[in-house]
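Participant: Now for the letters of each chain:
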Amino acid sequence: DTGVSQDPRHKITKRGQNVTFRCDPISEHNRLYWYRQTLGQGPEFLTYFQNEAQLEKSRLLSDRFSAERPKGSFSTLEIQRTEQGDSAMYLCASSYPNSGYTFGSGTRLTVV
Amino acid sequence: TQLLEQSPQFLSIQEGENLTVYCNSSSVFSSLQWYRQEPGEGPVLLVTVVTGGEVKKLKRLTFQFGDARKDSSLHITAAQPGDTGLYLCAVTFTGNQFYFGTGTSLTVIP
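If you're matching them up, the sequences are chains A and B in order.
Residues are numbered in the numbering used here as their position in the first sequence, beginning at 1, plus a constant of 29.
Residues are numbered in the numbering used here as their position in the second sequence, beginning at 1, plus a constant of 913.
Hints may contain errors.
Said to hold, decoys possible - Residues from chain B shown here face chain A by an in silico Cβ test under 7 Å; the list is partial:
hint : residue
1    : Gly979
2    : Thr997
3    : Gly998
4    : Leu1001
5    : Gln1010
Rather than coming from a laboratory, the hints here were simulated on the basis of the structure.
Since we're looking at a predicted model, the values are computed, not measured.
C-beta atoms are modelled at their ideal positions from N, C-alpha and C, and glycine is treated no differently.
Chain B extracted, bound-state conformation (with noise of 0.2 Å):
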């Protein structure tokens, strides 16, 4: 039993439209990480949420966490090529070591 399902695991679509990736347990969590992977490179940090309710921006996206600290979002509004890559969310119960989900793998077409 995977302890993060990510969903959808797969996401292609056009430049311009916007889109909603999750993260979702049945545990909660002291905080939530986001991660963006590009092939043949390591995960790159994009957020850190810790409060339950919390709400981050990062230019076209916003990143959510749950309020009862199990779950979280990731919209981004007017997709770009650039934009493409796997999107990893991780989280941690003691702050000692993040545990990862399998990903959101999005393809944005131009």
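Looking at chain A on its own, in the form it has when it is part of the complex (with noise of 0.2 Å):
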């Protein structure tokens, strides 16, 4: 297993348009994060999944925000309508219950 992968690494986009992102965690792994993280500032949570169920949700995480992980192996963050202060790098980390995140490298989103 190489760890948490996350693709893309960067995505460019204009204002107004529609990203998704998408995360592989660690396979034995059954919880999934999502956290965004802005310059100068630490990770702030977005949303978690425990196998195919999304727990929790941040109320960072507006109405443009979807997450999804079917069968509870890979997941996707898509951003609708994306607006610049959407800019930011979007970390996704896996784990067991109750142990040490593994963070991938993260998608660093640029919006024009």
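Given two chains presented individually in distinct reference frames, assemble the corresponding complex, making use of the accompanying hints.
Facilitator: Below, the structure written as structure tokens:
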């Protein structure tokens, strides 16, 4: 297993476009998390899944954001009608319950 | 109001010096983790502490969880340029998700 993979690494999009990011977790981990990180800040929690169930969503996750984890394997995070304020690093992590996270390298989104 | 306050925000030291960074809150946590993050990469877990007063060592790094489980410190002995990075603490109340501090950006000058 090569760890947590995120695709793409970088994405530049025009304001108003939709974007989708993919995360492939460590296969044995049943929990998957999405975080967002802006420059000079720590990661902010967005949502997490246990297997295929989305168990919690942050208030930061507006209606334009949606995440899925079909079949409890990979996950996608979609942002509709992107805004400049969405520019950030989007981090995915996976773990066993009550254990430390293994993060991917992130997807850096720039909205122009 | 930040759940976690990390200090200092920035730290620049010479190779070979010792340093301590702090993670403080007014809340009690079930566990606390420390991560190191390099530019353009995701954070990498260094340690998890769960017991008040617990001390863990990882080579030149010493981690301590406060007796009341509200704060933690990370001490680095004889810092090396490879220690450069953003040090993040993260806490959980329930074990479901972790909340991160804003980090301490450490630069070790050769």
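Participant: Holds or violated: is the Cβ of leucine 1001 of chain B closer than 7 Å to a Cβ in chain A?
Facilitator: OK, holds: leucine 1001 of chain B within 7 Å of chain A, min 5 Å.
Participant: Quick check on glycine 998 of chain B please, does its C-beta sit within 7 Å of some C-beta on chain A?
Facilitator: Cβ of glycine 998 of chain B sits 13 Å from chain A, so the hint is violated.
Participant: Is the shortest C-beta separation between glutamine 1010 of chain B and chain A less than 7 Å?
Facilitator: 5 Å, holds
Participant: Does glycine 979 of chain B pass the interface hint, meaning its C-beta sits closer than 7 Å to a C-beta of chain A?
Facilitator: Violated, about 19 Å.
Participant: Is the hint on threonine 997 of chain B kept, meaning its closest Cβ partner in chain A is under 7 Å away?
Facilitator: Interface hint status for threonine 997 of chain B: violated (16 Å vs cutoff 7 Å).
Hint violations for this structure: numbers 1, 2, 3, all remaining hints satisfied.
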